[in-house]
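Given these sequences and hints, build the entire structure.
2 protein chains.
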Amino acid sequence: MTDADASTILQGLRGSIDNIDAALIFLLAERFRCTKQVGVLKAKHGMPASDPTREEQQIARLVQLAEQADLDPVFAEKWFNFVVAEVIRHHRSAASEPAGESAAG
Amino acid sequence: MTDADASTILQGLRGSIDNIDAALIFLLAERFRCTKQVGVLKAKHGMPASDPTREEQQIARLVQLAEQADLDPVFAEKWFNFVVAEVIRHHRSAASEPAGESAAG
Numbered sequence: 001m002t003d004a005d006a007s008t009i010l011q012g013l014r015g016s017i018d019n020i021d022a023a024l025i026f027l028l029a030e031r032f033r034c035t036k037q038v039g040v041l042k043a044k045h046g047m048p049a050s051d052p053t054r055e056e057q058q059i060a061r062l063v064q065l066a067e068q069a070d071l072d073p074v075f076a077e078k079w080f081n082f083v084v085a086e087v088i089r090h091h092r093s094a095a096s097e098p099a100g101e102s103a104a105g
Numbered sequence: 001m002t003d004a005d006a007s008t009i010l011q012g013l014r015g016s017i018d019n020i021d022a023a024l025i026f027l028l029a030e031r032f033r034c035t036k037q038v039g040v041l042k043a044k045h046g047m048p049a050s051d052p053t054r055e056e057q058q059i060a061r062l063v064q065l066a067e068q069a070d071l072d073p074v075f076a077e078k079w080f081n082f083v084v085a086e087v088i089r090h091h092r093s094a095a096s097e098p099a100g101e102s103a104a105g
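As given, the protein sequences belong to chains A and B, one line each in that order. Per full-length UniProt numbering, the very first residue in the first sequence carries number 1; after that it's consecutive. Per full-length UniProt numbering, the very first residue in the second sequence carries number 1; after that it's consecutive.
Treat each hint with caution, since some may be false.
Note: identical chains are not told apart, hence a pair may lie in one copy or across any two.
With a cut-off of at most 25 angstroms between alpha-carbon atoms, the simulated SDA-like pairs for lysine to any residue come out as follows [to be verified]:
id	residue 1	residue 2
1	Lys78	Cys34
2	Lys44	Ser93
3	Lys44	Val74
4	Lys78	Ala22
5	Lys36	Glu67
6	Lys78	Arg92
7	Lys36	Ala6
8	Lys44	Gln11
9	Lys36	Gln57
10	Lys78	Ala49
The hints are simulated quantities; they were obtained by calculation from the structure and are not laboratory data.
Okay, structure coming up:
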């Protein structure tokens, strides 16, 4: 394969990556819409921002899904922890707001 | 709303989050399938593992998409950098493998 052929293939792969990234961003946005609602509920009902049992179940499930999808399960777990850290930050912020403001968040 | 009502709503939201997470994992897996092919191409054609100009364009686009999706653009950028760090790790690993092994990766 010439360098020119490689460059054409690279452009095609980058087009796919850009499409996948757009889908990932919109799905992440939808995930945060859900977790923000969870945060408001937890704050209003005095539940803790973090739930280690639920998180353990989520990690076990995601590791299994990652294996099915041929995604490095160690990366899947790191990625999940990265997203959850942001969610917990939101939950703590919702819990420190007055109830009226949290309900609008 | 009673605590029991809140618990029912929480279960519903968690069901949505679990569905979204499964979609995210499979999309991430597909993204890595693409970036692994990019890594093999780059290694075979002596292109650098990291491409700062491309990454700047990707970040600018993802920040714009995040704003459209009402996702915190600062988080979107951090998230992207987290994923790209893993991709670059893969590329460097592909570059250090013999060409035959990289082609199979």
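Hint check:
1. Lys78 <-> Cys34: both (21 angstroms within a copy, 20 angstroms between copies)
2. Lys44 <-> Ser93: For Lys44 and Ser93, the Cα distance is within 25 angstroms only inside one copy (13 angstroms; across copies 48 angstroms).
3. Lys44 <-> Val74: neither (35 angstroms within a copy, 27 angstroms between copies)
4. Lys78 <-> Ala22: both (21 angstroms within a copy, 15 angstroms between copies)
5. Lys36 <-> Glu67: between (29 angstroms within a copy, 17 angstroms between copies)
6. Lys78 <-> Arg92: both (21 angstroms within a copy, 20 angstroms between copies)
7. Lys36 <-> Ala6: Classified as between; 14 angstroms across copies, 44 angstroms inside a copy.
8. Lys44 <-> Gln11: So Lys44 and Gln11 pass the 25 angstroms test across copies only (16 angstroms; inside, 49 angstroms).
9. Lys36 <-> Gln57: within (20 angstroms within a copy, 29 angstroms between copies)
10. Lys78 <-> Ala49: Classified as both: same-chain Cα gap 20 angstroms, cross-chain 22 angstroms, threshold 25 angstroms.
Going through the hint list in order, the structure does not satisfy hint 3, though it satisfies all others.
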